[in-house]
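Line by line, the protein sequences are chains A and B. All residue numbers for the first sequence refer to my numbering, where the first residue is 1477 and numbers rise by one. All residue numbers for the second sequence refer to my numbering, where the first residue is 1477 and numbers rise by one.
In short, the hints are calculated from the structure, not lab data. Bear in mind the structure is a predicted one, so any value in this text is a computation, not a measurement. Some hints here could point you the wrong way.
Identical chains share a label here; the pair holds if one copy fits it or two copies do between them.
25 Å max Cα-Cα, derived SDA-like pairs, lysine to any residue [unchecked claim]:
| hint | residue 1 | residue 2 |
| --- | --- | --- |
| 1 | 1697 | 1503 |
| 2 | 1646 | 1561 |
| 3 | 1646 | 1551 |
| 4 | 1648 | 1507 |
| 5 | 1717 | 1544 |
| 6 | 1623 | 1697 |
Number of protein chains: 2
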Amino acid sequence: MASSRKVIELFYDVVSPYSWLGFEVMCRYRNVWNIDLKLRPAFLGGIMQGSGNKPPGQVPNKFLYMTTDLHRLAQYFQVPISPPADPFEAMFEKGSLSAMRFVAAVQEREVGGDKQVEQVSRELWMRIWSQDKDITQPASLSEAAMKAGLSASEVEELLKLSTSKEIKDKLKRSTQEALDHRCGSGHQYQYIHFFHYLTLSLYSFIQAFGFPLAVCHVNGKAEVFFGSDRFELIAHCIGEKWMGPQPAAAKL
Amino acid sequence: MASSRKVIELFYDVVSPYSWLGFEVMCRYRNVWNIDLKLRPAFLGGIMQGSGNKPPGQVPNKFLYMTTDLHRLAQYFQVPISPPADPFEAMFEKGSLSAMRFVAAVQEREVGGDKQVEQVSRELWMRIWSQDKDITQPASLSEAAMKAGLSASEVEELLKLSTSKEIKDKLKRSTQEALDHRCGSGHQYQYIHFFHYLTLSLYSFIQAFGFPLAVCHVNGKAEVFFGSDRFELIAHCIGEKWMGPQPAAAKL
């Protein structure tokens, strides 16, 4: 039985609200689909730098649309996203490096599953993307971890571990692995020229190289999906059924 | 009964392959959902210019991903998309202005429905995005229209009409209407600053202002959806059920 389970790796960073949507949906489906979900905390700042992604021009209609889109998705997915009052400070001045190192440390120490990784990640998202609270200070990480059920002594050890070279390197490696997951087959390189022009002035659906990133291992091949809007295709890819963002409710 | 039908306007241009996906899905659902689908042929070139959308930087991973993404979507949606050999020439040197004026002319003359608009649009997509054929010359437009079931004399009249000021203005108006459909509520303006920075380095799902664009009229409010990946949300918005890209097959 175990050999038929499809492995899905989910790369994410708690600084990204769209990652939160992807994370909650995949955590719900891990008990519904015959999959082995591997949570892959990584560092989005490193992804953006490593992929050479550039800021898009300032297009007012686009930003207006994204606001509405995120709000609608959060409601539909039932994830309590509420932007921080000063998102620039929260995301770029403060950032998520210490938080993601802490999650990596939790993952390094956890045995027999990833419940702690899941719950600590969720508590961190709750802080930055729902309650407008800090996620950079040791006291903030500690509070999130305690809420997730870890003991004070565990937290103390994890805080120490999270600043070690071992954990810094681990997060770097995970981030690099996400960067190295390019798309499926080899013949696509011939289309680079084509898609350059496609993005220049055609359409509308431009996926920056970012998070969340789901890597589905199917028949020895890695299929890569970006964003929080390809679940139906992911289901199709792994031979499962998409039942909307709340599969438990769908089953009732 | 008629008053309970939700109106969905679908703005599209045959130069855009993602528009084709959206068009086919909405044409399938017009017989499944209690909707009044209004096809809105428009000119994407005018949208890109009018919205101030800028070309993104050249990010190789992004282009690789888009290639795979479009290929997977086309297969899953069962729309026979196959990129032209020289997409740059097809899309930018030749473009779709005469084709979309022709579709606007077909719409201007059609009475009692939009079957001709639907079929002519589909035949034009088949030419540019499946068979690598021209869509700029009168002979090309004529061939597409004849395949869609129009007579030679009808086509002749439409070709003449398509270069008239009346039709040029009609296409301009439709394009401007698409541009004027910004997003729902008013309070979102406060988030412009926020989303500017969000797109600067966060995430992953950047919607250029482009096509397809679906405008759902619900309870006196216009809800705007870009792209070919929000059908599930559209269904939710209008109180209908999403059954995948092939609802007829789903019903069997």
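How would you classify residue 1697 and residue 1503 at a CA-CA limit of 25 Å: within, between, both, or neither?
within (23 Å within a copy, 34 Å between copies)
Evaluate residue 1646 and residue 1551 at a C-alpha cut-off of 25 Å and name the case that applies: within, between, both or neither.
neither (34 Å within a copy, 37 Å between copies)
Given a CA cutoff of 25 Å, do residue 1646 and residue 1561 count as a within-copy pair, a between-copy pair, both, or neither?
The answer is neither: 32 Å in one copy and 44 Å across copies each exceed 25 Å.
Within, between, both or neither: how does the pair residue 1717, residue 1544 come out at a Cα-Cα threshold of 25 Å?
This pair counts as between: shortest inter-copy Cα distance 21 Å, intra-copy 28 Å.
How would you classify residue 1623 and residue 1697 at a CA-CA limit of 25 Å: within, between, both, or neither?
Classified as neither; 38 Å inside a copy, 41 Å across copies.
How do residue 1648 and residue 1507 come out at 25 Å by Cα distance, when the copy is not named: within, between, both, or neither?
Neither: 29 Å inside a chain and 51 Å across chains, both beyond 25 Å.
Consistency note: the structure conflicts with the earlier hints numbered 2, 3, 4, 6.
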